Every structure is written in structure tokens, then in C-alpha cells.
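Protein chains: 2
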Amino acid sequence: MNIGIVGLGLIGGSMAWDLRSLGFHVLGVSTREQTCEKAIAKGIVDDASVNLSLMATADVIFICTPIAAIAPTVEQLVPYLSSTAILTDVGSVKAPVVKAISELWPNFVGGHPMAGSTQSGIGAAMRDLFVGRPYVITPTETTPTLAVDRVEEIARSLGSHIYRCHPADHDRAVAWISHLPVMVSASLIAACMSEVDPDIVSLAQHLASSGFRDTSRVGGGNPELGVMMAKYNRQELLRSLHSYRQHLDRFINDIEQESWEVLQQNLEQNQQNRKNFKSC
Amino acid sequence: MNIGIVGLGLIGGSMAWDLRSLGFHVLGVSTREQTCEKAIAKGIVDDASVNLSLMATADVIFICTPIAAIAPTVEQLVPYLSSTAILTDVGSVKAPVVKAISELWPNFVGGHPMAGSTQSGIGAAMRDLFVGRPYVITPTETTPTLAVDRVEEIARSLGSHIYRCHPADHDRAVAWISHLPVMVSASLIAACMSEVDPDIVSLAQHLASSGFRDTSRVGGGNPELGVMMAKYNRQELLRSLHSYRQHLDRFINDIEQESWEVLQQNLEQNQQNRKNFKSC
Numbered sequence: 013m014n015i016g017i018v019g020l021g022l023i024g025g026s027m028a029w030d031l032r033s034l035g036f037h038v039l040g041v042s043t044r045e046q047t048c049e050k051a052i053a054k055g056i057v058d059d060a061s062v063n064l065s066l067m068a069t070a071d072v073i074f075i076c077t078p079i080a081a082i083a084p085t086v087e088q089l090v091p092y093l094s095s096t097a098i099l100t101d102v103g104s105v106k107a108p109v110v111k112a113i114s115e116l117w118p119n120f121v122g123g124h125p126m127a128g129s130t131q132s133g134i135g136a137a138m139r140d141l142f143v144g145r146p147y148v149i150t151p152t153e154t155t156p157t158l159a160v161d162r163v164e165e166i167a168r169s170l171g172s173h174i175y176r177c178h179p180a181d182h183d184r185a186v187a188w189i190s191h192l193p194v195m196v197s198a199s200l201i202a203a204c205m206s207e208v209d210p211d212i213v214s215l216a217q218h219l220a221s222s223g224f225r226d227t228s229r230v231g232g233g234n235p236e237l238g239v240m241m242a243k244y245n246r247q248e249l250l251r252s253l254h255s256y257r258q259h260l261d262r263f264i265n266d267i268e269q270e271s272w273e274v275l276q277q278n279l280e281q282n283q284q285n286r287k288n289f290k291s292c
Numbered sequence: 013m014n015i016g017i018v019g020l021g022l023i024g025g026s027m028a029w030d031l032r033s034l035g036f037h038v039l040g041v042s043t044r045e046q047t048c049e050k051a052i053a054k055g056i057v058d059d060a061s062v063n064l065s066l067m068a069t070a071d072v073i074f075i076c077t078p079i080a081a082i083a084p085t086v087e088q089l090v091p092y093l094s095s096t097a098i099l100t101d102v103g104s105v106k107a108p109v110v111k112a113i114s115e116l117w118p119n120f121v122g123g124h125p126m127a128g129s130t131q132s133g134i135g136a137a138m139r140d141l142f143v144g145r146p147y148v149i150t151p152t153e154t155t156p157t158l159a160v161d162r163v164e165e166i167a168r169s170l171g172s173h174i175y176r177c178h179p180a181d182h183d184r185a186v187a188w189i190s191h192l193p194v195m196v197s198a199s200l201i202a203a204c205m206s207e208v209d210p211d212i213v214s215l216a217q218h219l220a221s222s223g224f225r226d227t228s229r230v231g232g233g234n235p236e237l238g239v240m241m242a243k244y245n246r247q248e249l250l251r252s253l254h255s256y257r258q259h260l261d262r263f264i265n266d267i268e269q270e271s272w273e274v275l276q277q278n279l280e281q282n283q284q285n286r287k288n289f290k291s292c
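For the protein sequence lines, the chains are V and U, in the order given. Our numbering runs 12 ahead of the 1-based position in the first sequence. Our numbering runs 12 ahead of the 1-based position in the second sequence.
There's no promise every hint is true.
One copy or any two copies: either way a pair holds, since identical chains are not told apart in the list.
[Said to hold, decoys possible] Only pairs whose alpha carbons sit at most 25 Å apart, straight line, appear in this in silico SDA-like list of lysine to any residue: (1) 243 with 284; (2) 111 with 13; (3) 243 with 262; (4) 287 with 128; (5) 50 with 96; (6) 111 with 270; (7) 290 with 222; (8) 54 with 138; (9) 243 with 165.
It is worth saying that the hints were derived from the structure and are not from the lab. Predicted, not measured: the structure shown is a model, and the values here were computed from it.
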């Protein structure tokens, strides 16, 4: 089977590398000639090109571009595709992508391999990036079953844990555990920096320890990624933010009212509930 | 010099152990006979007792009990103290402690060694717990200089980085970087668990990764510690929480208004500002 990878960054490059070593014939496309050369030189792909016509012989094609580039890329790609070609993507928001791409190419199934690194680009590509990580596949009522099964089979071969759900359910779930934490964490950094006494700011910066480091980590991360998730998952993110504000207000109220027993119970409940989240 | 340690838990036990190996004669008091026996058996102290009268020969005494027990302990301790004895404590909130204890024993200086572990008790005591960690000393206008210098000298011998500031400044700084993060993080767990669709909750629990893990960590921590910091640092915590809510509202507003450039700028500013916090 020929696999096409469009976008040879961290995700696309790592996926190409694993699939090639599993015995697939892997063809890669990048907008940069230099990336194509690197991918071939490192043995990440069998062949690479800046021209989408390379995808003409691909049976399953993974679109691994940034999310804003997915639809424009598929529009350019469609004229080259064989009639049975299966398309999938790796975008971190699914409902708008699935809607847009299904209209361009019905033999499409959305996907989201939940792996990453703080680094990016073909130079950051690594083997086994997806092992033990969730890979969400998001078919709709109209997605061809063969496409779903084929993409799932390939994702499973990467060592991922497969989850199947509706695009909207994916977006709601990741709003809670991925996109909301970014805004919660970002607000923490912004609030700390609003302290008007520079001596207190300096003292706080020196005393900050693992608690601040961990709570502020994702809010101090890649700004482009933060804007992207807010833009594409805006409705679900806002829903989770409004709920978050209500819970924040309850904690504030308990402290204002000195309701220490209620606060104790809520923190105990939290301690228990957190254990049910994977990776915690 | 004789050092007294009242409260042989993680902090008191670790401090006793280091000070004894630095050549101080270390006397420990615990409310539990078993803890005294363990401390002697492990070589953490030279002598230990459940009776505060053991502190009669101590030159500098560290009160290492939970914060609520500091004042009652000092009240019981005072009758045994030599007239030149210097008292200090290790509580994580300083203004109320310094006020209460200075009235009981004027030769007192507040302190806060900012080290810890998820474990507690004499069994968790370890060598070099304070090396490279901040140790805040909080004298007031009326604190005897000799007491400040003596406690600072001992804290420095533990390998800590010393900071001197007013108790109120300490409490304001730790509200930002230690107490506010707990409530921000706790609200995240509570909000996620309020999702009404159990399938989404289950999916979110399975997909949760390092972002959720780190942002939720301190909010899912020890409930007693959370209540304690809220109770003793209530005013400063509320001040930081109200500021936090304003910044959260700005992020919500930017997303509602689709002000992507403003959001991008704020996240870029965050990314830069976070680098100025130690341990980040």
C-alpha cells in the first residue's frame, strides 16, 4: 500500500518514518524543497516532492499541515487523487475540518493523533512518537466504512490507542482537557504580572516553584497554537470557559464566606476526581 | 550551639538531620513517643522527647508544627525557654504568625523554607531538602537584629537561598505563585467534572495528557493544605483571585469578540513573561 504524507513536520515526519519502517511505501510532500531533501536523506520517506502530483499513486493520504492549511491543501490536491484514494488529517479540532473536507472529498475521515513535542519541523521527527498515545478517529454518519477501518488499522499499527467518536464530541472533550487549560493557565501568568508593586513581582519570580511552573506551563506555550485552538474550537472553548468561571466564583465565594468545610469537601472531591484522568 | 526542633515531620525532621550533621547539638520534640524514638534511632536528633521541657537548653528553636499549632505550641513552650532563646517558625503564611508569636515571645523571627515533598512525617525526612531552595526570613521593625542574623546564618548553612522581606510582602508574593495556582487549578478539575454528558467526561478522562496533568496538579493536591492557605492568607488570596478573574474575563472577551490579534499578543507576552519566573 502506498501512503502519502502532506506536510513533513513533527507529526507528518514522525508518522512517515514509522510507517515506512512498517513496510509501507511512503511518499511525502512539503512546500519546502529542503525539507523534501532532508526527509529522503534521513530515510523518513521513500520519495518526496514539493509537487502534490506525487500523491497520484497514494492509497491513503494523511494531511499533516497546520489546521488553517488543511482545506486549501485538499483543494489543490483533489485533481491529482485516484478515485479510490482515502484522505485523513491530523488536526487538533475536528468538526470544522471534517465538514470542510468531506465536501471536497467524501472519502475522508478525520483523525487526531494526540502526540507532540515542544519542538517542531522535520528535524524534530522521531520514531515511536505515537506509541501508547491516543489516536482519535472521527467518522460521521456519511463517512465510508472502508475509509474508517483503513485509517484505524494504520493508526493502530503506529502503537496508538484508538478512540472513535463524533467530531463534535472530540471537540467538546479536548476543549475541557486541552484548550481550557491553556486559557486558565494563561490567565494565571497575566494576573501575576499585573501586580503593581515591582518588589512583589520580583519576590514572586524568585520564590516561584514547581506549583507555579506546572500551572503556568501551557499558558506560556506556543502563542500560534493557542490562537489556533481558540479560533477553530471557539464555541466549545467558550462553553468550557463559562463553566470554569462559575466554578472559580464558587471557590472565591467559599473563601469570602469562610466556608472552610465546603472548601475542604470540594478539594477532597477534586483529589479523588483527578485520579480518573489518564496520565494523572 | 543547641538547636531545638519542635515538630519532627518532613520539614522539622529534615532540618534536624542536616543541622546535626553540620555539628549542632539538636534536640527534638514531637507529640508522639514513636516519632521521638524513630528520630533518635535514625540519628536525626541527639535527643528527643514528648515534653517541651527538653527545650530549656536550646539557643535557637524552630517551630515546625502545622500552622494552626504554632501559637498554642509557643504558649506552652514559653515557660521553659531560657531568657535569650531565639524562636523562629517554618509556616507558609507569615503575617498572622509573626503577629501572634511576637506578642508571646519578642525574640522571634518568622521564616519560611520553601521546600517540600508529596510525602510527610518523620519517615519522609531527608538530607539536603533545603539545598538551592528559597528560605524567606520575615523580620519586622521590632524584631531583634541578633535573632534575624542568627536564624539567617543557620538557614544559609542548610544551603538555602535567603530572602528577607516584610511578612505582608511574603504573603502577597506567595499568594500569586503558590496559593492562587491551587484555586485556579482546583477550579479546572471542578469545571471538567461538571460536564453533563458522561460519554464526554469519559472521553476527556482518556484523552487527558500532560497539559491537563500539569495544570490540574496542585488543584488535586492535599485538601488540608489548600484550606490552610485559604484560611491564613485569605485576604491576599482573595485579592489575587479577583485580579485573576479580571484577566480570565479579558481572555474570554477576546475569544468572544474574535480579537485574534489581541489574543496572539497576550499569549506572546505571557510566553516572554513566564521566563522571568525561577524554575520555569
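Comparing the hints with the structure gives:
{"no.": "1", "hint": "243 with 284", "verdict": "between (33 Å within a copy, 22 Å between copies)"}
{"no.": "2", "hint": "111 with 13", "verdict": "neither (27 Å within a copy, 76 Å between copies)"}
{"no.": "3", "hint": "243 with 262", "verdict": "between (28 Å within a copy, 16 Å between copies)"}
{"no.": "4", "hint": "287 with 128", "verdict": "both (23 Å within a copy, 21 Å between copies)"}
{"no.": "5", "hint": "50 with 96", "verdict": "neither (30 Å within a copy, 73 Å between copies)"}
{"no.": "6", "hint": "111 with 270", "verdict": "between (49 Å within a copy, 21 Å between copies)"}
{"no.": "7", "hint": "290 with 222", "verdict": "both (21 Å within a copy, 9 Å between copies)"}
{"no.": "8", "hint": "54 with 138", "verdict": "within (11 Å within a copy, 47 Å between copies)"}
{"no.": "9", "hint": "243 with 165", "verdict": "neither (31 Å within a copy, 54 Å between copies)"}
Violated hints, listed in ascending order, are 2, 5, 9; each of the other numbered hints is respected by the structure.
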